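Undergrad: Residue strings, one per chain:
There are 4 protein chains.
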Amino acid sequence: MGLGVGLIGSGYMGKCHALAWTSVATVFPDVGRPGLVALADATPELAREQAEAFGFSRGTGDWRDLISDPAVDVVSIAAPNQFHADMAVAALEAGKHVWCEKPMATSLGDAIRMRDAARRSGKTAILGYNYIQNPIIRHARRLIAEGRIGDVNHIRLEMDEDYMADPTEPFYWKSEERSGYGALDDFAVHPLSLLAVLYGRVTSVVADMAIPYSERPTGDGARRRVENHDIAQALFRTELGASGVLMVNRSAWGRKGRIALQIYGSKGSILYDQERMNELQIYSTEDPTDLQGYRTILAAPPHPPYRQFIPAPGHGLGFNELKVIECHELLKAISGERDSYVIDFERGLEIERTVHAAARSAGSGTWVKIEYVDLP
Amino acid sequence: MGLGVGLIGSGYMGKCHALAWTSVATVFPDVGRPGLVALADATPELAREQAEAFGFSRGTGDWRDLISDPAVDVVSIAAPNQFHADMAVAALEAGKHVWCEKPMATSLGDAIRMRDAARRSGKTAILGYNYIQNPIIRHARRLIAEGRIGDVNHIRLEMDEDYMADPTEPFYWKSEERSGYGALDDFAVHPLSLLAVLYGRVTSVVADMAIPYSERPTGDGARRRVENHDIAQALFRTELGASGVLMVNRSAWGRKGRIALQIYGSKGSILYDQERMNELQIYSTEDPTDLQGYRTILAAPPHPPYRQFIPAPGHGLGFNELKVIECHELLKAISGERDSYVIDFERGLEIERTVHAAARSAGSGTWVKIEYVDLP
Amino acid sequence: MGLGVGLIGSGYMGKCHALAWTSVATVFPDVGRPGLVALADATPELAREQAEAFGFSRGTGDWRDLISDPAVDVVSIAAPNQFHADMAVAALEAGKHVWCEKPMATSLGDAIRMRDAARRSGKTAILGYNYIQNPIIRHARRLIAEGRIGDVNHIRLEMDEDYMADPTEPFYWKSEERSGYGALDDFAVHPLSLLAVLYGRVTSVVADMAIPYSERPTGDGARRRVENHDIAQALFRTELGASGVLMVNRSAWGRKGRIALQIYGSKGSILYDQERMNELQIYSTEDPTDLQGYRTILAAPPHPPYRQFIPAPGHGLGFNELKVIECHELLKAISGERDSYVIDFERGLEIERTVHAAARSAGSGTWVKIEYVDLP
Amino acid sequence: MGLGVGLIGSGYMGKCHALAWTSVATVFPDVGRPGLVALADATPELAREQAEAFGFSRGTGDWRDLISDPAVDVVSIAAPNQFHADMAVAALEAGKHVWCEKPMATSLGDAIRMRDAARRSGKTAILGYNYIQNPIIRHARRLIAEGRIGDVNHIRLEMDEDYMADPTEPFYWKSEERSGYGALDDFAVHPLSLLAVLYGRVTSVVADMAIPYSERPTGDGARRRVENHDIAQALFRTELGASGVLMVNRSAWGRKGRIALQIYGSKGSILYDQERMNELQIYSTEDPTDLQGYRTILAAPPHPPYRQFIPAPGHGLGFNELKVIECHELLKAISGERDSYVIDFERGLEIERTVHAAARSAGSGTWVKIEYVDLP
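Chains as they are written, first to last, in the working numbering: chain L, 1 to 376; chain E, 1 to 376; chain S, 1 to 376; chain B, 1 to 376.
Just so you know, the hints here were simulated from the structure itself, not pulled from any lab data.
If you're wondering where the values come from, they're calculated on a predicted model, not measured in any experiment.
Warning: the hint list may mix true and false statements.
Same chains, same label: a pair holds when it works inside one copy or across any pair of copies.
Under the rule of at most 20 Å between Cα atoms (straight-line distance), these lysine to any residue pairs were calculated in the SDA-like manner [to be verified]:
#1 LYS267 to PRO217
#2 LYS267 to THR296
#3 LYS174 to PHE83
#4 LYS267 to ASP290
Looking at chain L on its own, in the form it has when it is part of the complex (with noise of 0.2 Å):
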């Protein structure tokens, strides 16, 4: 039997780690099967209902209760954003692995004390980036890291979806100034964990963000005024020299789960859209010149792990199946192997660090540097 899992949180997220859980050891048979230990929500009579629908032992109202169960080895937390800190450090504390979902933190003290807290226990700490775990980006990771694009230049990142679009929907808590800055947290995290792997680190931004819809419409036929920014832009430069563009809009009408990448190099470049998140366009100087063209790469089973889930080309991954391949890495992490590929707390960090100074930058108007302090 493998590791004892506890899971906090039941919602959406909760239940794309349930599934995680649930299948990891069925479609990577390096890996034993997980115990589902405990799962605990914000009610004892929720939290044993969604036990029971997700096939875990044993439900519990006290997240606290569930970290300190000894059979708990690893922590799952899928709870809103604001107890991500105090449950992570409570878990680790505890001696437990932590796989905690984005964003890290509501503040960057927050971020840095979780960070603390995983560099102290020495467990392993990770946050739930699935997108970097599609194996077209893997592959795409591969070619740019083989110099199949050459030296990268230039580089654009885009998330948009149409959540907020709408300025006939009523105020809820997503335009409220305390949930965040708006589309710069809840968005830019994503591609920037993406730049992470491909390519590397931000070190300054200048940004912009905007208010579509200044106010609106509450329940009781008032309207009030919308505090934060669903839409964000940045220019970056970066450690290795490629300049950049970064633009995330949660109101953006027809777009559903974009996250757009172009990636400019010295001998070609690399296309994606996680709208079709199955397939990588590559631009090569390498091919005969009289073919050269953008061409689509599909999902297939030379692009690990790919072939776990599907032996022929072309058939298909799905969102929720980036969720078991993190779970594995996870494991693989947890077992100590080296090459596991993951955003652990120190990573995390530093993403965060980078939109918090494209916050800054924006209300600044100017160029703001992102000071790393050196992994160890």
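With chain L held as given, fit chains E, S and B onto it using these hints.
TA: Relative to the frame of chain L, chains E, S and B by itself:
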């Protein structure tokens, strides 16, 4: 606890069934968690190893032993095609429900025998036509049924892959006559299953089959004559009046998992390609004149049961997840729900009849009628 | 000064010819500027008006007058189809070169008569198959000829538009039997012209034709029976061995100018769609294994004669510009250049034979062979 | 007979102007056929040769001679950028109408001088911003103006090509500082011209410029420092309130003629890419909920003036044909029509101001406002 499951075969489709049985209750809260009772494979050792890998309680080298296990309520058949008939008939006669992978059988006689056994048993007996379970395909089905593209008058169906496209690949059993007609039975059943749920039945066909490479190398430096047809195409007429074309090719370089549909009606048309399985294209004359054009609809929560997997639109399901939906439909059928959406052995036999009629037509060079004995 | 031009017909295709004659010498510096001598149309008034609009020196209501004008060296025939044969034969017998719009004629006998007149005259006589003139199609032709996709073994051809798709549109002459078979001769000649230059000749067909709307409204509130077929499809075999499918539909809602080609070979495949006429897709097994996928090649200066129009890649040619290229090829043929690239009356007759064979097959329900009397 | 035309410059854009002047009256029956009076180029010999090739009556090595020719009513300026100002001012002062290629001038002072000359002369003076003439862009303009995507709140503009992408290409004048900022003035004016007609004016920018290859080889085996920027990007704010991003890159491998627009509003969004210049994508919340998705509208007769070229939808215009439309708009403007649709020198100057503001911002690292002196 839900039903007891026996799985015969643990290759690719066996793994796909195992994943479905493992995940179905986590995804769909309305069904009980199935018990993974027994797994049968060619040898006891392999069976035990795979039982452990897939989380089944025991493994057996004798599929008849699995079928006679009283703890088994439903049998998943993912064994080689030539065994489907014997296994399905035995399971039905033992009072088990059956979930059998496609193709139904390797001869029309066997398919009839399976259908007859299902009728006699009164048990649920369905085939693994998972492409019909795609939420966006179901959406297409609803749109067509509602008349959103008017009266359908013309249909084109294509299924293409390239696993037989390389003429330098050695001869193997897929090119033997006894393995079947070739592309016709490997592929044609899939688009025909989609035709069955989206529109209706084929009544006559004229077909052609082709052999792109007449010989293939054998291991010993010699060459062996290819005995069946990697390419097939047919013109067809349907019960409801539309004309159509069916094209299948397993040596089509560049195609990986293509199932392309074009459905034309008096008020619009619908396009689909399995390689972009989360997208549906529709042209509607109900659009404002100055905005008419093919629109791309992304799979989303309003397309049941997408929401059970992901509450956000455009995030994408994968091929394996269609099997989870199919498993859920099977469980609904077993529990007696009338709106279960499956290809049962009755409908499956109709699809087989069409394939065999096409093969006869390719031999005779004339149109062949498909005789249906209508459903009871 | 270049050749003297006479143009018969000043409707859409007449205007297209006029534009070609006007532009050809500006685009291609190697030909003399043609003299626009005379334009003939139904009435003298119309002819004079259009002559002035299109920059011709004079207009005439009598096409025989135009043909007998000694200043006219070459005759553009863009008059209704039923007049093609008489006009072309008369022009050739008067010693003029002929550029005749497709379809060649409304009966096979007329087409033979035209071919015979061309043979006797020794003059250049070509048909207006402009789609073959697309630089990206010529690029495809070169790639296929060089063996870049290996031995071609399977071909699919589709041509679809929707100008007959609306069942509420009143009956007009296009639905009369005497206007022809319907989609078969309206459309099929175009993909067949592409097949002729890209690959080779069809040797046998089995076809089906369908009528989506059996009646159409007439102006007076009554309804009239539709007499020909808006939909047609055929399976075919070719001289060089590939099997294929030809599909044409002029009532295909959503399709505007679609001519879709799929050409599969032993080392790759090529895709094309006229609606994106500046793009060619190719899949090549000569690509590195980890980069294989369909690439999109944009029309560019290395694809002759694109550079004559635009020196920058990816800027796009239009439909009308194909006619300018055709005009240039005609002028090359007239001047005796051997590599002129046109469908002359010999080749045009072969295309006509295929269409008539398909129509016969649709009547008989059996395969029909196309008998070629080989070119001299 | 229509106006007398003088053309200065017979390179690529000169040929493009010549084609437009040759074709405009054939395409558009409402304008008189222009007289091709004189062509000026660097030497008398070249000018005479090109005059003959393009059908002009005479050639001259002295552009001032052309401007002083009383038979010349309108002057096409397609000479190198540094001569635009002197030629345009001289032509306007000689009482000629002017059609000047973009960019307007190589300095802001020159652009102002041109604008002032145009004001004084009372003649028509327009710039060659042909992308705005695309019928599908005009359709987008109408849709936006009608509120079909609601209030526009966010815009992204990209223009990318790869003619400077190869680092092994020798240094040439395009990389010299005196040739301009680089991508910023080579490209940015085009998407800004589209922004001007589709939406409105930019009021402030913060920009960054980048040099992908700091040196390039020279012919003699040495290397020379690159003096300007192949890459530029800017965040911007607009007069009407939308935020936006402008990105230009002339070293973007794989891009050939890309001008990509994303325009987001409160009721939908519009996408466009010049590489597929006959397509427009729109997402509209006015669609039925279950059919929402981006639709692709193909250019068609209802999009003026497409019908003047082709009466069938989806057949495609080319890049050069946009110049014919522009020529027609110029002729309408000269004849005093008030709805002529062009970028005149007033509007052109505004675009120049935005470019220069972006360059200043890239130097200072801060936001720069664009000061407009409003149109009289």
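Undergrad: Which constraints among the numbered hints does this structure fail? Numbers only, ascending.
TA: none
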